[in-house]
Amino acid sequence: MPDYYYSNGDRRPLTRDSTRVAVNIAVRPVVGELSALVEGGRPLAEGIVLVDRKRIPPRLMEQLLENGQVLPVFVDRGTTIIAMPEVRVAVGKGERSSVFKAIARAPVAAVTEESGDKLVVRPASGSGYDALRIANHLVESSPGPRVAQRFLRVVSRPES
Amino acid sequence: MAVKTLELEEAGEEVTRVTTVRRMAPRRVNMPTPARQTDKLVQPTKLTYHDATTAMQVEVALRALPGPLDPMRARDPRTLSVIATRFHMRDAPLREVTIAAAPLEAATRDMSSTSNTSRPLHSRASMVRIFATDAFAVGHAKREVARSLTDRGAVAISERGAWTLYLAPPDHDPVVTAFQLAHLARVRGALNAHPNFIRLVRRPTNAVATLPRLWNHAMIGVADTHRLRHGRGRRAIRVAILDEGVDDQHPALAAAVVASRDFIDGAHSAMPSGNDAHGTACAGVIASRDRSIPGIAPNVSLVAARIAKDDGAGNWVMDDFQTADAIEWCWKVARADVLSCSWRLGIPIDVVADALNDARARGRRGKGVIVVVAAGNDEGPIQFPGTLSGPLVVGASNGNDERKTRSSKDGEPHWGSSHGPTLSLLAPGIAIATTDISGARGHTSADFHDSFNGTSSATPHVAAAAAILVSIAPTLTETQVKRIVLRTARKLRKQVRWTPTEGHGRLDLHAAALQASTAAARKRKKNATLARAGKTRRRNAARKRSSSSKLT
Numbered sequence: 000m001p002d003y004y005y006s007n008g009d010r011r012p013l014t015r016d017s018t019r020v021a022v023n024i025a026v027r028p029v030v031g032e033l034s035a036l037v038e039g040g041r042p043l044a045e046g047i048v049l050v051d052r053k054r055i056p057p058r059l060m061e062q063l064l065e066n067g068q069v070l071p072v073f074v075d076r077g078t079t080i081i082a083m084p085e086v087r088v089a090v091g092k093g094e095r096s097s098v099f100k101a102i103a104r105a106p107v108a109a110v111t112e113e114s115g116d117k118l119v120v121r122p123a124s125g126s127g128y129d130a131l132r133i134a135n136h137l138v139e140s141s142p143g144p145r146v147a148q149r150f151l152r153v154v155s156r157p158e159s
Numbered sequence: 000m001a002v003k004t005l006e007l008e009e010a011g012e013e014v015t016r017v018t019t020v021r022r023m024a025p026r027r028v029n030m031p032t033p034a035r036q037t038d039k040l041v042q043p044t045k046l047t048y049h050d051a052t053t054a055m056q057v058e059v060a061l062r063a064l065p066g067p068l069d070p071m072r073a074r075d076p077r078t079l080s081v082i083a084t085r086f087h088m089r090d091a092p093l094r095e096v097t098i099a100a101a102p103l104e105a106a107t108r109d110m111s112s113t114s115n116t117s118r119p120l121h122s123r124a125s126m127v128r129i130f131a132t133d134a135f136a137v138g139h140a141k142r143e144v145a146r147s148l149t150d151r152g153a154v155a156i157s158e159r160g161a162w163t164l165y166l167a168p169p170d171h172d173p174v175v176t177a178f179q180l181a182h183l184a185r186v187r188g189a190l191n192a193h194p195n196f197i198r199l200v201r202r203p204t205n206a207v208a209t210l211p212r213l214w215n216h217a218m219i220g221v222a223d224t225h226r227l228r229h230g231r232g233r234r235a236i237r238v239a240i241l242d243e244g245v246d247d248q249h250p251a252l253a254a255a256v257v258a259s260r261d262f263i264d265g266a267h268s269a270m271p272s273g274n275d276a277h278g279t280a281c282a283g284v285i286a287s288r289d290r291s292i293p294g295i296a297p298n299v300s301l302v303a304a305r306i307a308k309d310d311g312a313g314n315w316v317m318d319d320f321q322t323a324d325a326i327e328w329c330w331k332v333a334r335a336d337v338l339s340c341s342w343r344l345g346i347p348i349d350v351v352a353d354a355l356n357d358a359r360a361r362g363r364r365g366k367g368v369i370v371v372v373a374a375g376n377d378e379g380p381i382q383f384p385g386t387l388s389g390p391l392v393v394g395a396s397n398g399n400d401e402r403k404t405r406s407s408k409d410g411e412p413h414w415g416s417s418h419g420p421t422l423s424l425l426a427p428g429i430a431i432a433t434t435d436i437s438g439a440r441g442h443t444s445a446d447f448h449d450s451f452n453g454t455s456s457a458t459p460h461v462a463a464a465a466a467i468l469v470s471i472a473p474t475l476t477e478t479q480v481k482r483i484v485l486r487t488a489r490k491l492r493k494q495v496r497w498t499p500t501e502g503h504g505r506l507d508l509h510a511a512a513l514q515a516s517t518a519a520a521r522k523r524k525k526n527a528t529l530a531r532a533g534k535t536r537r538r539n540a541a542r543k544r545s546s547s548s549k550l551t
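Protein chains in written order, with numbering that gives the first Met the number 0: chain A, 0 to 159; chain B, 0 to 551.
Everything labelled a hint here was simulated from the structure, so no lab data went into it.
Only a predicted model underlies this, so the values are computations on that prediction, with no experimental measurement involved.
Note that CB positions come from ideal geometry on N, CA and C, so glycine has one too.
Mixed in with the good hints there might be a few duds.
No more than 30 Å apart at the CA atoms, straight line, and that leaves these computed lysine-lysine pairs for BS3-like [as the list claims (entries may be wrong)]:
#1 B:K522 to B:K331
#2 A:K92 to A:K117
#3 A:K117 to B:K366
#4 A:K92 to B:K522
#5 A:K92 to B:K534
#6 B:K490 to B:K522
#7 B:K366 to B:K543
#8 B:K522 to B:K534
#9 B:K525 to B:K549
#10 B:K543 to B:K524
#11 B:K331 to A:K117
#12 A:K117 to A:K100
Not everything, but these chain A residues come out facing chain B in the computed CB check (under 10 Å) [said to hold, decoys possible]:
#13 D2
#14 Y4
#15 R10
#16 N66
#17 D75
#18 R76
#19 G77
#20 R87
#21 A147
#22 F150
#23 V154
#24 R156
With these hints in hand, go ahead and build the complete structure from the sequences.
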């Protein structure tokens, strides 16, 4: 499980939140135990709920992990950061083929979609961990293109 | 020690110097109940305490808070119950205090002050409500006094200088016991002893209250700037507010908003949800078209992009990709000339950095969009995107024209302007009068409020300034605008050069606008000269042609 990411070519550590995980409820129907879990959680963006790790029974956790519904949560100076299952790659001229090769060699299977001059890469598993692994792999294998992991953040509200 | 000081602040109301305590493990061992030790204690029905400064006994009456508190009401920051609920969450007893005798000022002194002589914090007019808890403070006391208090079950929770803050034992009425024990400490020889009050006071506090409305305009020279050609901005110039939405139906903003988009919920309008009034406040600082509370650049247009939403717990939820998409939309589609970003993301991310850099490099048909970002309000190091070297990074100054810190004398000890190597300059950031969401929602039930605070409010000052500069001189590049803003910034007292805490000084809009006007005039003169030269050239060429045709 990677606990780092890259920004401006620099490897930056991420501090994992051992008490909470984010659950992606947009990909599967919310039924049974998951329904109760979601009700007690904290909804963030559409389909993403922040829950206490302790509240997830082991069997349900296994199931959520298997379904790729668990998104890792990190903390940094009061900011909560959730790794979403999406990576964006800005491809420059002449970098295209090397990027596609790097995606093909990624440690986990990925689905790539072209969006203008960008590539959107999603792990086939739907896991936030896998997205982070893909992002790190792309930076480490082809340093040219700009690669960004999608983070959802909960930041303290600005003064007003 | 499990003690933390909380500075709670709510819209329109404020609790100052509240000391909250995580209750420590019980230390009561065979403690007699207070009822059995009343030999030297006052009766609960007539509670008094001694105010050392006025040398007066202050008599107070306590009354319980009404009924069980509805936790849902705590979501509304304008209700008192939010305060009460927060204190009840730590199981702290809370009773409202009515001053029965003695001057009100005496009861409203800074009870938690570490100094021997307490000072008045708030005027009579600003006082709303006072609450007593189970905490009391004892100053300049001998060991025997401390021992007699702990023997009666009081727990010392904090020490500051000669003062110790105690919690009364959790008996049947610890609030009353706190009064009794404070009295006991005084009787036993402590120089100062009194309950530790929580005060709910109306904003602005006394220092801020002395600031005239629109003091920020006077400070940076808005009126003089408005007298310049295009000094109020031009409609063709667009400032993008990337925030939690802008009320584009607001009477003072509706005419200014020319493009609006919600990147959170995908709607076509960036209308804020609930009481999310931050973006509307930023917009008003720039382009309010109200006569009594005008914006700094009231003729410019606004672009509203909603990129954050409140999570109901005082935080913003933001998505990196949505933020990057919004930045791109602002300059590419909505043709914004200036981006105003009163937020921070924490850890850096390339996708947002690239979007901002793209705007600076490619926006305004290659002249570059001016990006303005807030430094932050925790008086710590600046965080991303303020860590980028390209944008104008804005800290806050106060009414005394000094950097806003926790200790600066402006009645707002709960926040300070952040610092770092990328800080560009300061701008007014305290008690700023601006627009609120129209109707009942927002900070207040009115359409305006005058308590917009923080580097969030300083940032739109600089964004408005940049918009005025490009209104006056549309050919200025992003680099030139930044250079003018920084070069004309007024150095603060004792400041001689750029510093990581004050940047280049405080925004001087009028000086910057004058420079832009000079640049624009120079450009006009050059264009006129070129035009004249072209005309002469064409005339000479025509003459030459006609004379050669005559010859043939």
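For each hint, the structure was consulted:
| no. | hint | verdict |
| --- | --- | --- |
| 1 | B:K522 to B:K331 | holds (27 Å) |
| 2 | A:K92 to A:K117 | holds (12 Å) |
| 3 | A:K117 to B:K366 | holds (24 Å) |
| 4 | A:K92 to B:K522 | violated (38 Å) |
| 5 | A:K92 to B:K534 | violated (45 Å) |
| 6 | B:K490 to B:K522 | holds (29 Å) |
| 7 | B:K366 to B:K543 | violated (40 Å) |
| 8 | B:K522 to B:K534 | holds (18 Å) |
| 9 | B:K525 to B:K549 | violated (36 Å) |
| 10 | B:K543 to B:K524 | holds (28 Å) |
| 11 | B:K331 to A:K117 | holds (16 Å) |
| 12 | A:K117 to A:K100 | holds (16 Å) |
| 13 | D2 | violated (13 Å) |
| 14 | Y4 | holds (8 Å) |
| 15 | R10 | violated (12 Å) |
| 16 | N66 | violated (22 Å) |
| 17 | D75 | holds (5 Å) |
| 18 | R76 | holds (6 Å) |
| 19 | G77 | holds (8 Å) |
| 20 | R87 | holds (6 Å) |
| 21 | A147 | holds (4 Å) |
| 22 | F150 | holds (5 Å) |
| 23 | V154 | holds (5 Å) |
| 24 | R156 | holds (5 Å) |
In the structure shown, a violation is registered for the earlier hints numbered 4, 5, 7, 9, 13, 15 and 16, in ascending order.
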